[in-house]
Each structure stands twice: as structure tokens, then as C-alpha cells.
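Going down the list, the sequences are from chains Y and L.
Per this note's numbering, the first sequence starts with residue 12, numbered consecutively.
Per this note's numbering, the second sequence starts with residue 19, numbered consecutively.
Since the hints were made in silico from the structure, they are not lab data.
All the given hints hold, so there is nothing to weed out.
Using 25 Å as the maximum straight-line C-alpha spacing, the simulated DSS-like pairs for lysine-lysine come out as follows: (1) 354/L to 137/L; (2) 242/L to 523/L; (3) 334/L to 242/L; (4) 230/Y to 368/L; (5) 144/L to 359/L; (6) 91/Y to 230/Y; (7) 302/L to 137/L; (8) 354/L to 230/Y; (9) 230/Y to 359/L; (10) 132/L to 359/L; (11) 17/Y to 91/Y; (12) 242/L to 368/L; (13) 397/L to 582/L; (14) 136/Y to 441/L; (15) 91/Y to 242/L; (16) 527/L to 17/Y; (17) 108/Y to 230/Y; (18) 368/L to 91/Y.
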Amino acid sequence: MARLLKFNIFRYNPQDENSTPRMQEFVLEETVNMTLFIALNRLREEQDPSLIFDFCCRAGICGACAMVINGRPGLACQTKTADMDPDITLLPLPVYKLIGDLSVDTGAWFRAMYQKTESWVHTTKVFDPTQLEERMDNAVAEQIYELERCVECGCCVAACGTARMRDDFMGAAALNRVARFVVDPRDERTDKEYFEVIGTDEGIFGCMGLLACEDVCPKQLPLQNQLGFLRRKMGITALKQLFRK
Amino acid sequence: MQTFYSDLLVIGAGLSGERIAVQAAEAGFSVIVLSIVPARRSHSSAAQGGMQAALGNCAMGKGDCPDVHFADTVKGSDWGCDQEVARLFADTAPIEMRRLAHWGVPWNRVVPGKSHYFKGGEKFEKVEEADKEGLITARSFGGTAKWRTCYTSDGTGHAVMCTMDNRCAELGIDVRDRTEAIALIHDGSQCFGAVVRCLRTGELHTYLAKATAICTGGFGRIYKATTNAVICDGGGHAIAMDTGVAVLGNPEAIQFHPTGIVPTDILVTEGCRGDGGTLLDANKERFMHIYEPDKAELASRDVVSRWMTHHMRQGKGVHSPYGEHLYLDIRHLGDKHISTKLREVDDICKHFLGIDARTQLIPVRPTQHYTMAGVRTDKDGAAYGLKGLFSAGEAACWDMHGFNRLGGNSLAETVVAGGIIGKKVAEFLQGFEVSFSTALVRDAVTKQQARIDAFIKGTNGSENVYRVREALQDALMDGCFVFRNGPDLEACVKRLQEIYARSQKVGLKSNGLGANHELAAALKIQGQVKLGMCIAVAALARTESRGSHAREDYPERNDRDWLKRTLAVWPEGADMPVLSYEHPSRVWEIPPGDRGYGGGTIIPAEKLPGKDD
Ligand SMILES: Cc1cc2nc3c(=O)[nH]c(=O)nc-3n(C[C@H](O)[C@H](O)[C@H](O)COP(=O)(O)OP(=O)(O)OC[C@H]3O[C@@H](n4cnc5c(N)ncnc54)[C@H](O)[C@@H]3O)c2cc1C
Ligand code: SF4
Ligand code: SF4
Ligand code: FES
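With the rest of the complex left out, here is chain Y (with noise of 0.2 Å):
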């Protein structure tokens, strides 16, 4: 005999006067290798159409099923009901603005990230259509990749307590972000222009170190890495700075 699985989800639709912030229960029977994303669609097609929450790739690679999972920040369609409690219980994530039940707005979060970020390549060299391209070594642009990696699901910032208590915070993406141009070649940034941009109470300098982002990384960036090396980097740039003074 298959499972019963009980899920409660979070449902509350902004655009509707005549919907209050609830739980609802329902009910399904377990299938062989059931996702939370097959689980959630049927739900959907079979008992209450109204039911919002996201899906893109199903493949767990474009970071747009992020929902806390029975408490924890996850990505919902890698997520086996196998491996869990018949018991489920679904919510949005925090942090960001609810578009209704499960979805959120990660996407102008990180629009805004980049713009604050300014997550791109700065460079004064002009791209030469005639010219064999700049040679790099492999082993740096695997390290860029490593980094390039983050699906901006915004798990990480949900998982965050400095996110959660203050919404200036940039939060583990963007700080993962800065330091993928940080080991770039290409970008020609100096430390004191990266300082200006995450050497403040929040960025850098906000992080608590107590690394809930990386435990919940659907894509286990080495975020702990990642914030301990700016930490150092930005914290010599700060005395430098100090003693120009």
C-alpha cells in the first residue's frame, strides 16, 4: 500500500480581498520516485487550480523552487517525498515579497543585487573581433565557474539571521557573487573599489560567520570559504585605509 501524504501548505493570495493568510491540508497518495514538484503539480491539476508556487527546470538547476521544506530552505523539485515524514508542511521563504502561497519574488532581489554588486566584468580592454582571445588558466577559470555556480534560488538568505533582521543585509549570494569577480582576471577592480561595495555592516562586515547559508546551498557553494576570504581581504583593505589616514 502506498503513503498517505499529508501536506499543509501556506496560503495567502495578495491580489485576492477575499484571502487570509492560512494553512490548508491536503491530501495525496505517494508514487514511486514522487518530487515535491510532482507531488505540488498534482495537487494543482487535481484539487485546487488556485494553488500558486513555482517551477522552471524541475531539474534542480534554475533555482526557481525554492520553499522551506518541513523548515528548512530547499529546492522543492529535488526534494524525494521517499525521504521524508508523511507529514509535509510547506511556506514561502522569507525574506523576500510574497507573490502568493508558495512563490516569492526572488527575481528583483537579485536584479537589485547586480546593480548594487555591479555584477559584471570591469574592464578598459575593448573586445577585438580579429584577435585570438586572452589566454587563461584552466585551473582559474574552473575556479571561477565553482563560484559562478549559485542558481540565485535565495535559499541562503533565507536561511540567514542577519537577512532576517535586517533587510539592508546583501546576504551570502551577493558576497559569493563579489568574490566570483574578486578571482576573476578579467575584472580590473582594485581591493579599496570592492571595499566601497561590501566593506560595510552590509556586507561583509554584517556577516555573523554562524554559516546557515551554507548549509542550506542546494549547489554547496563553499560560501564559508567564500565569506572568510573577503572577511580577510576587505579587513586588510580597512587597516590600509586606516593608515592613509
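Using the hints provided, position chain L with the ligands relative to the given structure of chain Y.
What follows is chain L with the ligands alone, placed relative to chain Y:
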């Protein structure tokens, strides 16, 4: 009603859409880009394998050049492509890869010295040259003469998408996620923008522009088994077809990928086979070398998908609760290779199958993967039928892929075509002015609002949109999958006619308020059934086998009668599409010949079409 103006409106923020946006913005034009999801979640980010460009830096790519890439592309297309476009593509691809490197893509680079690689399960040695150290390297992909696929580990699409979106942020391009175009605004000869539903609030907005580009990706989701993301649902094609004048090119040209995992159909990359992974049957024996002695597992996708289907029909498939499948074996590639070069594959096996690819076999079967079919454009990316409308990327039929696109060629197409077409769009915009008719805009919006009201009130009926969609998906799996034949296609067309009638009677169960997904599904269901119908009707008409279009009752490639491209339009108010045909190419650098894989006989052409007129 909010109205937004821009010189260029790009519908779709995947690689092709953002590449066009960048090109037009660099030329000084104002651009708005729409997307259902935040740009980086676009399906481009799911491409793991890589992008083809003839840089010829790595040892196994030595001697490569655009001519060889061009030849591979034409052969891959089974001579269905436009050779002028394929040439433009092959020549531009290397420059575009270097440009991406300049913008920030962390391409893997050549590491000099000896290293090993696998082919067909055997180990070989190669030596990378010292003077190529640090240049962009490449890996092997199916259907190519040289190693030509540039990559960043196994997250190429993701890495390039990040860089392209960073470039958009740098240029201050207005990229708006959670906005979905639900209709084009046009007067039957010119396009003026789109009616757009905000997926945060559910409100309708008007976007007016001098030029509009459809870059909405593929439409795999009208099939039940597909590797595509849930948003690759044909919404962009539906709004183009709805104009009654825009044209769908080669609707019957749909690609199936040999290695979707069972049961979720998530793709494991061709890179697995490129790197030496093999296919095994129920007896855990290799079989591809029996059918394709030379290329074996590395023959082009359509060929591998067909032999897999054939082999399963011979009783060699593995039985499972989800139907028959075969196995992909990458165990011999070893821990280091799997945990670095194929990390995403490793993750997929762990997360979705609960298996370890180092010690266990991966259950796979052919699955819908790519739509060569698309909005037909000329070589400048201008859509047939409507002035001011452009299209690029998987959404378009530009047509460099013909009846089969090679692995690594479509991700490359997004950026190459995006750059070329972006330039053409900028030329089009130069000095071009339009006047928007307020009546035309009002009518377009009123019509969409009326549709929404009817869905919510159930004015046309109470058909469940999800049931109708399922019926469509089942019909296509039965009639228009890897193998096709006359009787099944006729039955499919009949079923689709009934499904089309049902799609006109859809009504919502929910209230449709805010970010409601049922309404989003309802708004596109009729267009999706139209797309399905175009595939079935065109596949039934084409009495030959070419590339991915395999007719069991017409196994030969018939160059005498079918060296042509299908064009489908759905006139306003009609219940069926109207088909016509055009020459696939006017330039024949490489006259039709044997692909060198896939077997099959060819009925030769008496004269090359389009050559003398
Ligand atoms: C799993 C997988 C792996 C692949 N691997 C490779 C590979 O290794 N190499 C290769 O060459 N190719 C690969 N491909 C193919 C390739 O990834 C795609 O063809 C290509 O990325 C398509 O890019 P695009 O820009 O055309 O569309 P997409 O990246 O799909 O973007 C479409 C955009 O349109 C938006 N959109 C859609 N409808 C609307 C609407 N109505 N209104 C507003 N916005 C809309 C979406 O939000 C999205 O932003 C792969 C495909 C799949 C499915
Ligand atoms: S280590 Fe820093 S960024 Fe991570 S959760 Fe703690 S405070 Fe937040
Ligand atoms: S760092 Fe990890 S948890 Fe944070 S957004 Fe990126 S992928 Fe998600
Ligand atoms: S849907 Fe893409 S990560 Fe879950």
C-alpha cells in the same frame, strides 16, 4: 491600463533574447525584455553540454575550421537547412565565443601535455600542444568531425546565461521577469508590440514598440515526455500563429534526445557519450556499434534515438513500471571525471533516481528535446508575414538546423543569431518611425480582457484545461514521436480535431485572480493544440524520411519530391492550418548526399531547387 514604450520589445530573456537586446542597446536603442521567469532561469541555463565553434585549439580539434563545421551542420540537417544561414553561423561562431570570453564566460581552457579520453568505452591518449595553452578548449559531441564543443564544466548554458544577463545589467537594459506576452498587437501587415499579463498581479499591460522579437525558446511541453522546462510551452509560437499571417517553418521537424532519464525525462547530457559513455540493453550489452559501426554511440541524435527505439522493439529493452528503457553506462569514466566534468549528471542521478553513476547504470529512453520547427524568418531574422516582427533562437526557424540540429549547435545559435539579428534589428530601427493607432491597441487589449473574463465566468464551457492539455500530449506521443506512419498520423489528426474543439470550451475552476497559473494555462491551450495540429498535418503530408522526421511507410529520403521546407499558417477563424512549401536553400555549397550515418536510401533530385530561379 499601463503602457510601456520602447524601440525594441524582446519577448524572452533566454540567451537569444538577451543577445539581441545587448546588440540593439549597444547601438543606442531603448529595449525592454520580457520573461516569464527571472532571466537566468530561462531554459538556456539548463544546457549542460556546450556550444560548437570551430576554434581548433584542442588536440582533437586540430585542423578544424568553419568549413568543416559548416559541412557537419548541413549533413546533420539532412540537407534541409538554408546553406546561406548555416555558412553565416559557422563563420561567426568562433568570434562570438571569444566575445563571450571577453564578457566574462569562464570557458574551460587548453591544458598542455598528455591526457586520456574514452571513445566507445576504450581508453585513448591525446597530447595537447604547449603553444595552445590557455586558449578555449573543446569537447566531443555527436555528429561532428572534430572536437568543437566549447564548454564550462557541465554548466555551459548556465555560465553563458549569467554572463549575458550581467552584460544586460551593465548596459542598464530593462529586463522584466514575471511578464508574459499573451497576444501580439498588429494590423495584419505590421507588428506594434504585445499585450502582456503581469505574473505578479495578473494585470494586463500594453507594450508598444517599433520592433518586436519573439525569442521564447522551444515548445517541448506539448509532448508528455520532454527534456524541456515547464515554461517551454509554445506561448510565443501561439501568439505568432494567432495573427493568422505569421508562418511556422517545418512544424514536423522535432528532435528526440536519446538520453532522458526514466521516469522524469530529465536530460543527461550528450557529453556523457561524447566523453565515452556507452548505451546498454537489457542484457547489459552494447548495441549501437552493430547499427553504426563507425560512429556507434556518437551518431547524430535522431539516428541514435531511432536505433534505441528499434532495439527496444526487438525485445531488448528493460521493462519498468514506467515502460521500457535502456541504460547509459558511464561507470568506466571514473570518480574524478564524473565528479568534475559531469557533476550535474552526478547530481541528477543522486537527486532524481537515487543512484550512483560510478557504480550503477542510468535508465534512459528517447524523449522530445528540441524544436527545429519555429517562427519562420529570413536570414536577417525578420518574420514572414509581419513587418517589424523578428524571431531568433529555438523559437525561430532561421533555418540552420533543417531536419536535425547537432548537439552544441543550438546554444551556439542563440548567441550567434542573436548577434547577427540584433544588428539587423538595429539597422531596421535606424530612422524608422511608426504611429500607433489607439483604436488598434484598445481592440487588442479588449479582446484579451474578454477572453480572460470568459475563462473566469465559464462562458464557453467548463472543460478542464489540464485534461485538455493531457489529451494533446498523449495524441502527439502516439502519432508524432520518434517513428511516424500514415494511419497513426491520420488518427492523430482526427483526435486533435476533437481536442481543438474541447480547447475552445475551457473554463476555470479557480477564480483566476493574481498570479493564477490555471489562467495562464487556459490562455495558451488553444494555441498549443494548433501547434500540435501543425506538426501532425505537416508530418502526414511529408511522405519521406528526413533527419528527425522518420516515416516507417516512406523510409527513403526523397530529394526528388521533398527537398523543400514546409510553411504552415493558421488563417483567422479557420479550423485547420494551411500548408505550402518553399525551397530550403538558394545556395548549394554542398549538394545533397549521404550523411555517412543513419543508413537509408536516397531518391536523388533531378535539379537543385532554387538554384536557377
Ligand atoms: C535539457 C537541455 C539541455 C540542452 N543542452 C544543450 C547543449 O548542451 N548544447 C546546445 O547547443 N543546446 C542545448 N540545448 C538546447 C538549447 O539549450 C536551447 O535550444 C536554447 O538554450 C534556447 O535558447 P533560447 O534563447 O532560444 O530560449 P530559452 O532559453 O528557452 O528562453 C526562452 C525565454 O522566453 C521567455 N518566454 C517564453 N514565453 C514567453 C512569453 N509568452 N512571454 C514572455 N516571455 C516568454 C522565457 O521566460 C525565457 O526567458 C539543451 C536543451 C535542453 C532542454
Ligand atoms: S554566515 Fe553570514 S551570510 Fe551566512 S547565514 Fe550567517 S550571517 Fe548570513
Ligand atoms: S549561494 Fe547557494 S543558496 Fe544562495 S542563492 Fe546561490 S545557489 Fe542558492
Ligand atoms: S524547478 Fe528549477 S531548480 Fe527546481
